[in-house]
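K.L.:
For reference, the chains in residue letters:
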Amino acid sequence: MILAERKPIADILSHLGDARRVLLVGCHGCVTVCSAGGQKEVDLLVDVLQLARKAQGQAIEIGKMTLERQCDVEFLSEMLEQAKQFDVILSLACGAGVQLVAERAGSLRVLPALNTTAIGVSEQKGQWGERCQACGDCKLPLTGGICPVTRCSKSLLNGPCGGSSKGLCEIGNGTPCGWQLIIDRLEVTGCLDQYETILEPADWSSARDGGPRKLVREDLK
Amino acid sequence: MTQLAKLEKWKGTLNKCIRCGYCYEHCQIYKSSRWEIDSPRGKLILLYGLLSGEVEPSDYVANKLFECFHCNRCQKACSSGVPIQDVYADAREFFLESGFDVVGTTSQTDHDLCARCLNCVRMCPHEARSFVDGKIVTDRLKCQSCGSCLDICSEKAVAIGRGFGTNPDELQRSIKLFFTQNSNAKAIVFSCSWSTFPGFQTANFDEQEADPETLTLVTVCSGRLNSQTVLETLLQGAWGVLICCCPESDCAHGGSGRAKARMNALQKTLEEIGIDPRRIQVSEVAQGNTKLFSETTKKFMDEISDLGALSIGGKQ
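One line per chain: the protein sequences are X and V, in this order.
Every letter in the first sequence is one number past the one before it in this note's numbering, and letter 106, counting from 1, is 359.
Every letter in the second sequence is one number past the one before it in this note's numbering, and letter 6, counting from 1, is 770.
Please note: incorrect hints may appear among the correct ones.
[As the list claims (entries may be wrong)] Facing chain V, a subset of chain X residues (Cβ under 8 Å, in silico):
hint	residue
1	A263
2	L266
3	L269
4	H281
5	S288
6	G291
7	E294
8	D296
9	Q303
10	A305
11	V374
12	K378
13	L439
14	G443
15	L445
The set of hints was computed from the structure by calculation and includes no laboratory data.
Quick caveat: nothing in here was measured; it's all calculated off a predicted structure.
Just so it is clear, CB atoms sit at the ideal spot from N, CA and C, and this is done for glycine as well.
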């Protein structure tokens, strides 16, 4: 899923400026699953904004709704109709959702309430971790199902480096060495011989370096 | 009815109940409804009737047995030493095995709303929730109605049908009424029914002597109190909110730690928006420590009285 977390309230307030009518829009997709932009988080942010304005002695009118997904235009139309009564849309979707809303919102300002942080998984209750950087050329068949681009702090395709010690990466915070994970996994699956294969320098044009990516499927058109 | 055999062993034990009613004042279910049948004594009499043949098993009776917050206060207060929770446990098993599909106060998931994030499954301290055939299901014998799963749900898909005064909407109604009817109202104290509940009963003798400045509301476990309820209390006009919970080591549901973590996050948010974070406080009060409960409340009231009202116009 796409991981996100709420922006500091001070940032949200600063972006809102003196907007008096704000429509908060949550998303039932990934940001609900990672507890950042679901219905509960929308309700909580409504209360926080009302309290903040109360403390400042300024009025605020808040509307709220949560959409099936903000990354599909079909789900936006009803919300955009209602949004005409507001000064600004404050979206609790990931960066993709916020942008699609902004593309469709005409002259209405659209602001993000979240910081989108990663593509990742639930590691345990209350904890999520990054697993994919969407490089566009999946290396997982060669690396035991563990991504060197994401899990190695340097994105080395042939590792580990000298900063690996006792299974941990030199960056600290208990971050495992991605290449130690890969080697351990290759060993467990009886594929350690794959480690002998030197990976060629990657063609990063399929990743961000090639500019904004587009996915076109003629068979679905 | 052969399935009743499970309960037959308790016949002698049920005879031990001398109907003294000491269990009454310890039961949030009874204190909320004020109906005899909702009290532990009433439920034991129902079971007695079931065994004697005077009461027929029904959804109504089954539901009564599943309406319980598992605090065990009744059993501790019982003058005859009836192991009430053990009797209930067998009765619940009997009803489920007999095909009575009731939920009582167990937490249930609205499958249409549920996003299958599984956060409630991971959160449940009693391993009562699981993902089966595409749905979150609650094991009604394991669920202790602590409500740990309620605030974790981003879709608000988890609910306890009858909260007996402890559900978020019921709490908000009580809070609104208190601030509407009392011009001197200043604060809400949310109290855990495991630790603080018996304490404050003896701290306040009757409603006539109730403090016009503070209202104490029982939340079952403090871990069940959702952040939104706390913020809405401030929006209703409260000068502050105090949450009294068990010492962390005493809480069977991990609720005290969670309440502290959630309120810590809210305090940081308050600070960010220029409101003094001391307006939300969490204090541990061990079970039955009436003196500490009174002192904690008084200290909190002194502090927020110094801070003054959370008024419009920039003053904190």
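K.L.:
Just pull the numbers of the violated hints for me, sorted ascending.
P.N.:
3, 11, 13, 14 and 15
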